[in-house]
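*Asks:* Below, each chain spelled out in residue letters.
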Amino acid sequence: CGFTPAYGPGGGAGALRGRVAVQAPVTKADFDFVARLESRLGRGEAPAYDLGYAISATRQSGGITADNETTRYTLRGTATWTLTDRATATRVAGGEVSAFTSWSATGTTVAGLSAEDDAARRLSVMLADQVMIRLLAAAATLAR
Amino acid sequence: QEAATLIADRLEIAGDQRLIAEGSVEVFYQGRRMTAQRIVFDQSSDQLRIEGPIRLTDEEGSTVIVAAQADLASDLTEGILQSARVVLNQQLQMASAQMVRSEGRFLQLDNAVASSCRICAGSSTPLWEIRAKRVLHDQAEQQIYFDRAQLRFGGVPVLYIPRLRIPDPTLDRSNGFLMPKFTNRTDLGTGITLPYFVTLGPSRDLTFSPTITTNGARSLEVRYRQAFETGSIAVTGTLSRDRIQPNDTRGYLVADGLFRLPRGYRLAFHGEAVSDDAYLTDYGISDTDRLTNTIQVDRVRRDEYIAARIINFDTLRADDFPSATPYLVTDSTYVQRFRLGALGGEGAFRFGSHTHTRQSSNPLDDPNPLEPDDIAEGSDMQRLSFGVDWRKDWVTQNGMVLAALGEARLDTFNITDDAIYGGRESRLYGAGAVELRWPLVRAGADGVAQVIEPVAQIVWADAQDGLIPNEDSRLVEFDEANLFSLNRFPGNDAVETGLRANLGVSWTRIDPAGWSLGVTAGRVFRDDPVAGFSDASGLSGSTSDWLLAVTAETSGGLNLAGRMIADNDLSVTRGEVLAEYATPDLWLNTGYIWSIADLAESRPSRVSDLVVGAGYQISPGWQAKASGRYDFEADQYSSADFGLTFKNECMLVDLSLSRRFTSSTTVRPGTTVDLSIELLGFGGGTEAGPARMCRR
Amino acid sequence: LAQTSINLTGLRQDTSLPVEVTADSLSVDQGTGQATFSGNVQVKQGEMTISAGTARIEYLADGQGIAKVLLDGRVMFASPTDAAEADAAVYTIATGEVVMTGDVLLTQGQTTISGNRLVYNLDAGTGSMEGRVQTVFVPGKANP
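Residue numbers (the numbering used here), protein chains in the order written: chain D, 60 to 203; chain E, 6 to 701; chain W, 259 to 402.
To be clear, the hints were calculated from the coordinates, so they are not data collected in a lab.
For clarity, every value in this text was computed on a predicted model and none was experimentally measured.
The reader is advised that the hints may include incorrect statements.
Listed next, the stretches of chain W that the computed footprint assigns to chain E, with coverage defined by at least 3 CB atoms under 8 Å from CB atoms of chain E [stated by the list, open to error]:
hint : stretch
1    : 305 to 319
2    : 389 to 397
Pair by pair, the computed Cβ-Cβ distance ranges are [as the list claims (entries may be wrong)]:
hint : chain 1 : residue 1 : chain 2 : residue 2 : range
3    : E       : A461      : D       : V151      : 28 to 34 Å
4    : E       : Q42       : D       : R145      : 56 to 62 Å
5    : W       : L318      : E       : Q103      : 56 to 62 Å
6    : W       : L284      : E       : Q42       : 45 to 51 Å
7    : E       : V227      : D       : D144      : 53 to 59 Å
8    : E       : L472      : D       : Q119      : 36 to 42 Å
9    : W       : T353      : E       : Q103      : 41 to 47 Å
10   : E       : Y229      : D       : A83       : 33 to 39 Å
11   : D       : D144      : E       : G618      : 38 to 44 Å
12   : D       : G101      : E       : A461      : 17 to 23 Å
13   : D       : V151      : E       : F637      : 45 to 51 Å
14   : E       : L415      : D       : A83       : 46 to 52 Å
15   : W       : Q292      : E       : D14       : 45 to 51 Å
Calculated pairs, SDA-like style, for lysine to any residue (alpha carbon to alpha carbon, straight line, at most 20 Å) [what the hints assert, rightly or not]:
hint : chain 1 : residue 1 : chain 2 : residue 2
16   : E       : K630      : E       : G567
17   : E       : K397      : D       : T86
18   : E       : K397      : D       : E104
19   : D       : K87       : E       : D303
20   : D       : K87       : E       : V302
21   : D       : K87       : E       : A312
For every residue, glycine included, the Cβ atom is placed at its ideal position computed from N, Cα and C.
Looking at chain D on its own, in the form it has when it is part of the complex:
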């Protein structure tokens, strides 16, 4: 049905493994995003591609109860990314991915704090996984 293993011969993902240099992080969200992407892409010594990204996130309150209390928060994030071939300095792939995580605001202050921090970390992981899927798709078209 036309599917081939991404890391198989026809998949092309092997060309990216350990060959992509991810842009250095500036914020904690970047840090988690880079850590996740580098653990999935591998980090080699001779990168052939550079991955640039910009992450943004906004928090929305929700689950408002009848007595005006916020019981849920949603963190909506987007990451715009570009993959540049280092040899020819041309953009070979890019786009924008988006994701959201949410957490409850009903516990104590300590519970709410760690839930919020974990939600932010998970958003970075989700955005990195979405970019990873796009990279696998791009590698397939590059390989053709």
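Based on the hints, put chains E and W in the right spot on chain D.
*Replies:* Below, chains E and W without anything else, positioned relative to chain D:
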């Protein structure tokens, strides 16, 4: 000394020291440029007699003067222009029969009309105009002074101002009144706010915003901002007297700062305080129900993250017992990522410290339905954690990614003021896992790509059992990011143990030109349930809820994201959908949140909260917005908002009405109507809107 | 600062003064009575010197004087204060009018005027330049 250049179709050198240039004449001098039909340059008097139509533009093109005729000095700095019009910053136009230009700096217009509205050939009355006996434009100070001015709307005089000074549009910061705002708020009546801006040198400013209302409320907001070389601070404070709480002064203070420290560190602080729990909602300042004061220092590098913070909480919630919830929290984090070369894999060391204290020192737990935990009302905690995680993966022949993972952590706790958990306790936790991913791709000729990625993980984890209260890991979420993580508790107090299998698959279709769709499904199967997972988290029991997540996007403007966790019988434990549809003229957005009730999460009632919003660009000038939030659980609207905005090249009118229906012991339902009128073109910073089309 | 002015009185010239022409070679056409000087031609009249590649003299009908001087090659009119040059020029002695054509350039102190065609009356010191005339001059008053 710079030369001037004069270009013309024909130049006559008349005998008496006069040069006559005719035919699309252009003069360039020190960045100024003038075009005209005919110029007589009388060299004896160094005067230019210019016949129009004349167009004079200054260096940056921010001031353009158009006139029929003029007598100017040859360096274009002095002189008189007849039936002239000056356009500032391509927006504000001032016209008068005669305009005198002096010292290359001043422009004086007598019997002038100033407006930034387009004047169409047919009707000569602009939407608004300022008529004045005399207007003086000081280009150096970038100020415009009006004498005996009259503000007219549609030709009808509305306001008479003997002396008016308005900043020139090119000026960034200048002392003076800002545009007024009109507000009507329940219990406060209709009020006017007239802000006044004071610049204190290039890097500091103050804004005073007094408000008085018909129903006897008086309020003054003061905002102070300062920029330093390495950072900036902003402090805003308000003081109010009103009839809601007649005999006391109410108010609110918020301060924010961000500074760059040496060696890549960053300092950020945020502080807020309020006089009473209802103030923020009564005055519509914000909907937060917990005030936080934080000081944080952090540094982010590729392989290293360092952060330390102190947070003080001040709850406004009616049902929070202030003394029973931690009011002071300190955290420090140090993460160091490492790699063990080609064969060894990679991982990270994690060090963390955490303390929190409660005002109460009651070592017993008062039974409270909203806090089903058994933690004492006065329980304080200090914790140190050392952790390490590691991962190594291989790609097999048939394109599978096989990975071995492991993590370990030692947490030591010291708990005081707690009869049950008081004392020191430590716990060692370890986990190991094998993960198998098999990403499959299909790249269609038409640019459509598909990726299917099945993932399976077998995880084993164990931890010494210890008498440790679960404070920071009570609010657990189950989503695509932690479907495959080894420990799904957000904090350090609880750890996920036992043998389990995490199974999931994602299918993504990517077609930038057409539609893209992503679906992820997953489930966790474990040998025996983990007590710490509450029902609402969807991870309780020996098999978790089904996890289903969808993202969809069409090039036509639809953008949808949804997630749901549901039991086998498809009863949804928790779900959230966010959808937007945006076209240039119409945009719709909607969000729905559902969650079952779960006292383990201190959530006594279910959540069924729908937000719907729509915006429509009625015409290039008019835009309407409406949004509503409906609480199915309480079967009533939580809030509704309507907005109407008119914006063209010279005026912005923003009318918004918002109604909040929720109420509690501290907060009553209320309606707010805001009206702000802004005359554009005076450097107010607001972008001009689309210009009115003149019907030929 | 001296009051700079653009006038061509500097080129003013009493056209009744005798004209002296010197050149490397001279050829005379008996039939038309035309004399053609060529090779760094110099035409002097009072303080004005005109230099050119070639100069053709047309004599008056009665042969008693020069009617016109037609000059080619890069023609240069020079007076003690001003200078004018062009590709070609026709100087009609009787009317004192000079018509210069082709890349005309008038310089006088810091002021230069360039154009395609200049009609100039030596006696009156007046003239007019046509074609996309460009005048570069220094305005009198120092700009504040």
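*Asks:* Work down the list of hints and note, for each, if the structure agrees.
*Replies:* Status of the hints after comparison with the structure:
no., hint, in the structure
1, 305 to 319, "violated (count 0)"
2, 389 to 397, "holds (count 9)"
3, E:A461 with D:V151: 28 to 34 Å, "holds (31 Å)"
4, E:Q42 with D:R145: 56 to 62 Å, "holds (59 Å)"
5, W:L318 with E:Q103: 56 to 62 Å, "holds (58 Å)"
6, W:L284 with E:Q42: 45 to 51 Å, "holds (50 Å)"
7, E:V227 with D:D144: 53 to 59 Å, "holds (55 Å)"
8, E:L472 with D:Q119: 36 to 42 Å, "holds (38 Å)"
9, W:T353 with E:Q103: 41 to 47 Å, "holds (45 Å)"
10, E:Y229 with D:A83: 33 to 39 Å, "holds (35 Å)"
11, D:D144 with E:G618: 38 to 44 Å, "holds (42 Å)"
12, D:G101 with E:A461: 17 to 23 Å, "holds (21 Å)"
13, D:V151 with E:F637: 45 to 51 Å, "holds (48 Å)"
14, E:L415 with D:A83: 46 to 52 Å, "violated (31 Å)"
15, W:Q292 with E:D14: 45 to 51 Å, "violated (36 Å)"
16, E:K630 with E:G567, "violated (24 Å)"
17, E:K397 with D:T86, "violated (26 Å)"
18, E:K397 with D:E104, "holds (17 Å)"
19, D:K87 with E:D303, "holds (9 Å)"
20, D:K87 with E:V302, "holds (12 Å)"
21, D:K87 with E:A312, "holds (9 Å)"
Hint compliance for this structure: hints 1, 14, 15, 16, 17 are broken, all remaining hints hold.
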